[in-house]
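K.L.:
As a plain string of letters, each chain reads:
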Amino acid sequence: MDDREKLNRLRWRCTRRAMLEMDLLLGEFLERLYPTLDAAQADAFVTMADMEDLELWPLVNGQREPDDPVQAEVLALLRNVRVK
Amino acid sequence: MSKQSVAVRKFDAVIVGAGGSGLRAAIQLSEAGLKTAVLSKVFPTRSHTVAAQGGVSASLGNSEEDHWHWHMYDTVKGSDWLGDQDAIEYMCRKAPEVVVELEHFGMPFDRTDEGKIYQRPFGGHMSNFGEKPVRRACAAADRTGHAMLHALYQRNVRANTQFFVEWMALDLIRDQSGEVLGVIALEMETGEVVAFHSKATVFATGGAGRIYYSSTNAFINTGDGLGMAARAGIALEDMEFWQFHPTGVAGAGVLITEGVRGEGGILRNSTNERFMERYAPNAKDLASRDVVSRAMVTEINEGRGCGPNKDFVLLDITHLDPATIMKRLPGIREISIQFAGIDPIKAPIPVVPTCHYQMGGVPTNYKGQVVGDDGAPVRGFYAAGEVACASVHGANRLGTNSLLDLLVFGKASGDTVIDDVRSGEIGLRDLPADFADRTLARLNRLNTQTGGASVNECRLELQRTMQKHCGVFRFKDMLVEGVAKIIEVEKAVAHTEIKDKSQVWNTARVEALELDNLVEVAKATMVSAEARKESRGAHVRDDAPDTPANPNGRDDANWHKHTLWHREGNRLSYKPVIMKPLSVETIALKTRSY
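As you go down the protein sequences, you meet chains W and U in turn. The working numbering puts the first sequence at residues 1 to 84. The working numbering puts the second sequence at residues 85 to 678.
With the rest of the complex left out, here is chain U (with noise of 0.2 Å):
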């Protein structure tokens, strides 16, 4: 494949992934009259954003009383301090003000008898600072984000976004300044090679779940956006940090929303105890995600597991009405059937903590501009949603807060690259002559290599590796060996062989690119997790446990910072956390209870 072969088309902006972020981001822009390409993998509303099940959190008060600054206090809490105060106050700010946006692109919420948006209670959500539970998630029964991704694909179809669709995302373009220039990506249907020249380059493109081996997330989230920009010389920020869904069927990894929990389900343990009582007095079932993981690996670790094996405990919801099982968690029950093989009215489901959510990604502000090492932007690149770190999660986030996070954050990216080329700041400049050589070369290597490694095996390899040595309780041990194992990993993958050469619909070179992605996620995420010597949200470590001085294993005197993956050297280099909200006081640092 020479040079001449990458044609080249021109946009004022490019967005990457057509899930809620990259369809909330192309709103924005379309809407203004920017020529706007969308690139998604696959059709945008077969995104994983479909898979949201539990709700949309925002203030609006409309069962009780609620307020965003609380709101912004169980975020910052959720995120065990470790998310920035500035953009957190932003989002939770500007919750109510995009649901009832979405509601008006026609959303199709639950509603209350008078007619309000109905809101249901879910882990984490208190009123007045921590007090007491309060009912703030807003949902379309367990729907949520399939009716999310709808409504925004059909105000989209209305603005004109143009959509390139099975085409795969392959390398950032940057210039020698550092400038993002677009992209180069590859249409699966012919095989080939274009750069999409754009003023702004936004990436949506989502999580890598798909990095471990027992996961919820769908086979797309392959980290698409976070290995282009790893290869572009962008450092990954706070990769350690996962979310395990304390809610996994066993064995199939499929959910099982929180919303279950709060409808009023129950973890019980072999000797049918409501085990969250020892571990939460208050919020019991409802407790953070990574509170809860950890109650429920502990039950297991000590014996009380159900099951031969006794490797699961059990989600029991057999108490509540039919009528509300069928009316409220309809979907909970075909997945039962399906993947455990139990029908959720007459018996309980085993589940156990399965990898969920990724709370690191891109650094971004909260303006949604990708931030460098020194937190001045990149210009002409932009990212939100699960791929992004603005940092609103920090070390674990609150459920709900996914699904707001890619609505703010997408409407805040697609303002921000409005702004920046109205005023001039971005516009479209000359591509340099190599512009595609490296992703020319990666390409070239995947079609010539000879006795190489299966790709398949290679991500087998890869996925049992991180669970492993970087699940969700992490050993030091483990942690150093993972390290050592993930390079052999990445050695391999630099070498993986396909049998396929062909141009049209070559599926095995396109898993081939998505490993090539996968292994960046990893590598950072191990290095990551290794370094940091305090248990801290999501990322809880055997050997740094809870004592008087560090509550829950937290060393807020050395490890109160984020980390920075350079791909370059496999180095690390860390940031301070902002502490400084936009309007109002510092939440201070406190010990994370629930």
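Extracted from the complex, chain W is given alone in its bound form (with noise of 0.2 Å):
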């Protein structure tokens, strides 16, 4: 899979989930933030974007802190994302 195929597989899974609060979190982050991330923290959001809306929104609001120190980087610029 080439870049721009692999971009649009991401926009699609950060934009098509169960929530709305998560299509509108998400889909900001990957227009604002996601170009500025380096190739750590880049592959440490698809991860996070791979996981259940229920399963990462606790991670987003801070009731749980991630095990791996890359995804606490992206989440400290996720967890700002402020969609109001």
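Think of the hints as simulated: they come from the structure by calculation, not from any bench. All residues carry an ideal CB built from backbone N, CA and C; glycine is no exception. Do not take every clue at face value.
What the hints assert, rightly or not - Over the 12 Å line for every Cβ pair with chain W, so calculated as not near, a few chain U residues:
| id | residue |
| --- | --- |
| 1 | His151 |
| 2 | Glu185 |
| 3 | Tyr202 |
| 4 | Leu530 |
| 5 | Gly536 |
| 6 | Lys560 |
What the hints assert, rightly or not - With a straight-line cut-off of 16 Å between C-alpha atoms, the simulated EDC-like cross-links for lysine to aspartate or glutamate are:
| id | chain 1 | residue 1 | chain 2 | residue 2 |
| --- | --- | --- | --- | --- |
| 7 | W | Lys6 | U | Asp584 |
| 8 | W | Lys6 | U | Glu273 |
| 9 | U | Lys560 | U | Glu618 |
| 10 | U | Lys411 | U | Asp194 |
| 11 | U | Lys200 | U | Glu181 |
| 12 | U | Lys569 | U | Glu541 |
| 13 | U | Lys583 | W | Glu5 |
| 14 | U | Lys585 | W | Asp2 |
| 15 | W | Lys6 | U | Glu250 |
| 16 | U | Lys659 | U | Asp640 |
| 17 | U | Lys585 | W | Glu5 |
Assembly of the complex is requested from the two constituent chains, each provided in isolation within its own frame, with the hints serving as guidance.
P.N.:
Pasting the structure below:
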């Protein structure tokens, strides 16, 4: 899969989710912050985008902390996305 | 793309959509040994059923006396007498059975101290034919839909249901006689177009709430089943009826469940008044959704809204014990912080009425069979859940009946397919030679279009037109203008242009194909709403006010009937409401008041 295909697949998985909340948050993150991530952070984001909404939500709102330090870096950015 | 490139796969049944109703139907079919394919745009547990937080209703009577007949009465009343009483009786009688069944599938319901399923009060749930509130909603904290989807998915894994994930169904296949022979679908990962040739086709594609600018619906709800049905010549029923949830977070559209009011949440205006006491003295904040929405908008319109623009009201739970909030409503606290910037333990949540649920859809009977204009089943075609109009929700859905609908009619459609396959009523008929032509022409048009309109701009124009001209309150002139505007939008949609012409993971193409479906739903909604010159349930018109002759603006003499919108000619016809239940007396027409 080339870069365009990978990015499109990621876009689909960020914006066709179970919950509007996650469509909004991840869609916003993908457009604004994803291009600024380094390779390891980008991989961590892809892993998180593959999680289910109710699995990811506790990480996003700080109820849970990730084991992976790179995921923690990405989460710090994601937690600051405010859709208002 | 040539016809030769369309591969054909054969199944006993193909289900489009892997939310609650699709998964529930698939369990019946797979466990009966039918070769069953389920197509989904996303992995099944990412379906929008996850977002149903409030609960599923059943007259289990675990907390206090309850009866399916009372549930039926509440549902008929909630529907403003537009629901079909045979289907409503069927659903309410089946409710305890399907809920207990779900428990056996592993659904982790909240429990009482005695170990029974915990039941809580909910808007419009009453005992003894509307007398006083009753606890009828069964829930798994505020994650009922999520837990339900997981229980149903696991059961399907066990039954060897075959899933086709990240596939989008494009069109129905029908033969000359009108029989449905399957669907044509697109695999996103390859761009391959495949025909799923089957004895039975079950639509479980969910709703189309994305036709509105302000919507609680996830982006996935683009009405794909409705678009496919309309293009295949199936009329859409009662599409003017959309439930606006009273409590979407102002600005974002994100839903605050009615369960918040079930647990004691109170709506307040800018003077801190509990204004629902004026509009619904008995049920107050637990009145039916449209009653609450209308009250909220009236408060805002009369200048008692909150905030700098006075454009929202407040949902207050600050008086509740924080431990109760954390235990019963943890997700709501998180949402308020992320999307409204407030902690509801400390401050009330800003809310506005927001598009939430589609009452209309593909016309079905209570067995889950899609029916034609004459009421006769369309052979080989079934539908369940939000895409379908049985009609159990009529002009307005009772809270928690959506999860019930998908369990009852998902199961019923599966059972009917099994009966129809075994009796030989349906079989694997020959595909017509031109079965893929219209779909391939649509794809070719997209591949070759130049100088056309942007998909995003067209979608935005469509959503803004629907919001402005056909929202929670409707005005004659705006509707008339709206019909003309939506026809203009349709013209632009017919010439959308995508820059990306590639095959693999071409999301621009998929979004253009979704828009093809949204525009059918938008037309059906606008045209049906403009034509219905009364107020009923969720369809409230300024020029059909509450009068002694027509209480609440409802005009039974002229409008107690179902709308059917036909894509060809953008034309309407009507059919009677089924007033005869299966076994009990008709619940006679009455003014709806709470």
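K.L.:
If a hint holds in the structure, say so; if it doesn't, say that too.
P.N.:
Comparing the hints with the structure gives:
Look at histidine 151 of chain U: its CB is around 34 Å from the nearest CB on chain W, clear of 12 Å, so calling it non-interface holds up. Against the 12 Å criterion, glutamate 185 of chain U stays outside the reach of chain W, whose nearest CB is about 23 Å from its own CB. Interface exclusion of tyrosine 202 of chain U from chain W stands, the closest Cβ pair being 20 Å apart, more than 12 Å. Every CB of chain W lies more than 12 Å from the CB of leucine 530 of chain U, the least distance being 16 Å, so the non-interface label holds.
No beta-carbon of chain W comes within 12 Å of the beta-carbon of glycine 536 of chain U; the shortest separation is about 20 Å. Against the 12 Å criterion, lysine 560 of chain U stays outside the reach of chain W, whose nearest CB is about 32 Å from its own CB. Taking the CA atoms of lysine 6 of chain W and aspartate 584 of chain U, the gap is near 14 Å; set against the 16 Å cutoff, the hint holds. Annotation: proposed proximity of lysine 6 of chain W to glutamate 273 of chain U holds, straight-line Cα distance about 10 Å (limit 16 Å).
Our distance criterion of 16 Å between C-alpha atoms is met by lysine 560 of chain U and glutamate 618 of chain U, whose separation comes to about 11 Å. Between lysine 411 of chain U and aspartate 194 of chain U, the direct Cα distance comes to roughly 11 Å. Compliance with the 16 Å bound is thereby established for this hinted pair. Of the pairs offered as hints, the one joining lysine 200 of chain U and glutamate 181 of chain U holds, with about 15 Å between alpha carbons and a cut-off of 16 Å not exceeded. About 14 Å separates the Cα atoms of lysine 569 of chain U and glutamate 541 of chain U, which keeps this hinted pair within 16 Å; it holds.
About 14 Å separates the Cα atoms of lysine 583 of chain U and glutamate 5 of chain W, which keeps this hinted pair within 16 Å; it holds. A threshold of 16 Å between alpha carbons decides the hint, and for lysine 585 of chain U with aspartate 2 of chain W the separation of about 15 Å falls inside it, so the pair holds. At roughly 14 Å between alpha-carbon atoms, lysine 6 of chain W and glutamate 250 of chain U fall within 16 Å of each other, so this suggested pair holds. The hinted pair formed by lysine 659 of chain U and aspartate 640 of chain U meets the criterion: a straight-line CA distance of about 14 Å does not exceed 16 Å.
At most 16 Å may separate the alpha-carbon atoms for a hinted pair to count; lysine 585 of chain U and glutamate 5 of chain W meet this at roughly 12 Å.
Checked against the numbered hints given earlier, this structure breaks none of them.
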